[in-house]
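Participant: Can you build the whole structure from these sequences, using the hints too?
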Amino acid sequence: MARGLLVVGDVITDVVARHTGPLAAGTDTTASIRTVAGGAGANVACWAARRGAADVRLLGRVGTDGAAWHERELVVHGVRPQLVVDPLVPTGTVICMVDGGAAAERTFLTDSGASGRLGPSDWSDALLDGVDRLHLSGYLLFSESSRALVAVALKAARARGVPLSLDPASAGFLAELGAERFLALVEGVNVLLPSRDEACLLTGLADAAEAAAELSLRVPLVVVKQGHEGAVVARSGKVRARVPAAPATPRDTTGAGDAFTGAFLAALLAGAGPEDAAAEGCRAGARAVEQVGGRPPLPG
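Add 18 to the 1-based position in the sequence shown for the working numbering, that's all there is to it.
Errors might be hidden in some of the hints.
Per label pair, the in silico range of CB-to-CB distance [said to hold, decoys possible]:
1. Thr-267 <-> Val-94: 22 to 30 Å
2. Pro-315 <-> Ser-139: 32 to 40 Å
3. Pro-317 <-> Gly-196: 38 to 46 Å
4. Lys-256 <-> Glu-162: 15 to 23 Å
5. Ala-224 <-> Ser-142: 40 to 48 Å
6. Lys-256 <-> Gly-44: 50 to 58 Å
7. Thr-45 <-> Val-94: 36 to 44 Å
Computed list of lysine to any residue pairs in SDA-like fashion (alpha-carbon distance at most 25 Å, straight line) [unchecked claim]:
8. Lys-173 <-> Gly-137
9. Lys-173 <-> Gly-206
10. Lys-173 <-> Arg-21
11. Lys-173 <-> Gly-196
Rather than coming from a laboratory, the hints here were simulated on the basis of the structure. All C-beta atoms in this analysis are idealised placements derived from N, C-alpha and C, irrespective of residue type, glycine included.
Facilitator: Okay, here's the thing in structure tokens:
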């Protein structure tokens, strides 16, 4: 029997602009621009399916403008979409400005749109039928409506004994929310998957490994994603593993953390331990940065 993964999170239209020089204020900057399907939650689901998870489902909210396209884009990646169509607000859009330099670092301009209106009325406990793991995108914590959904989903998952994971998603939004409020909201989560910046922000520590260890006193398993420096796995207040990154030549770092998370969760579902799952995550992250956009390449 397939082991189900339910992802709850954002479904977004990404406009990716790769520019080779500095942005020229007040005039034109030459760029290569593509519109692709994205969203942290949706990306995680697609990468989990790519890694081999057989039953991946996604609960998200989109506008009427992009509903059919986003559903097709999820299905083609092997994800079962459970999309709520918002008649009042368009699908969320993110403009991803990617530096064409060696690091391919990106800066986001974010309009959450319909995804920020995902709420408790969109949830049903039946969504957990056949589900062995629930993953929540951290973007859900940055609007009042979706925070209420998180509380409902956490309660339902705990009642069924379904393990929960969460990716904080955005250091900028996390700073606005506040570390203590965030940690209170995610109480009961079993796995936390922050980036280095997010882990340091949540703890006030400058070292990612120390931050991972500190966070693991509050969440049973913490995996800190460090990009080209790999990942740190911590439990019970101690660093248990340092996993090296896979080699890659970056073109666009958009979605690399989502790729890590999706592959990591799929590996856990398949029975891998945290260190091996983190190695899978690093390999997926390396694959992600070598292409434009946050979704995995299609087979063939």
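Participant: If a hint holds in the structure, say so; if it does not, say that too.
Facilitator: Do the hints match the structure? See the list:
no. : hint                            : result
1   : Thr-267 <-> Val-94: 22 to 30 Å  : holds (26 Å)
2   : Pro-315 <-> Ser-139: 32 to 40 Å : holds (36 Å)
3   : Pro-317 <-> Gly-196: 38 to 46 Å : holds (42 Å)
4   : Lys-256 <-> Glu-162: 15 to 23 Å : violated (36 Å)
5   : Ala-224 <-> Ser-142: 40 to 48 Å : holds (43 Å)
6   : Lys-256 <-> Gly-44: 50 to 58 Å  : holds (52 Å)
7   : Thr-45 <-> Val-94: 36 to 44 Å   : holds (39 Å)
8   : Lys-173 <-> Gly-137             : holds (14 Å)
9   : Lys-173 <-> Gly-206             : holds (9 Å)
10  : Lys-173 <-> Arg-21              : holds (21 Å)
11  : Lys-173 <-> Gly-196             : holds (22 Å)
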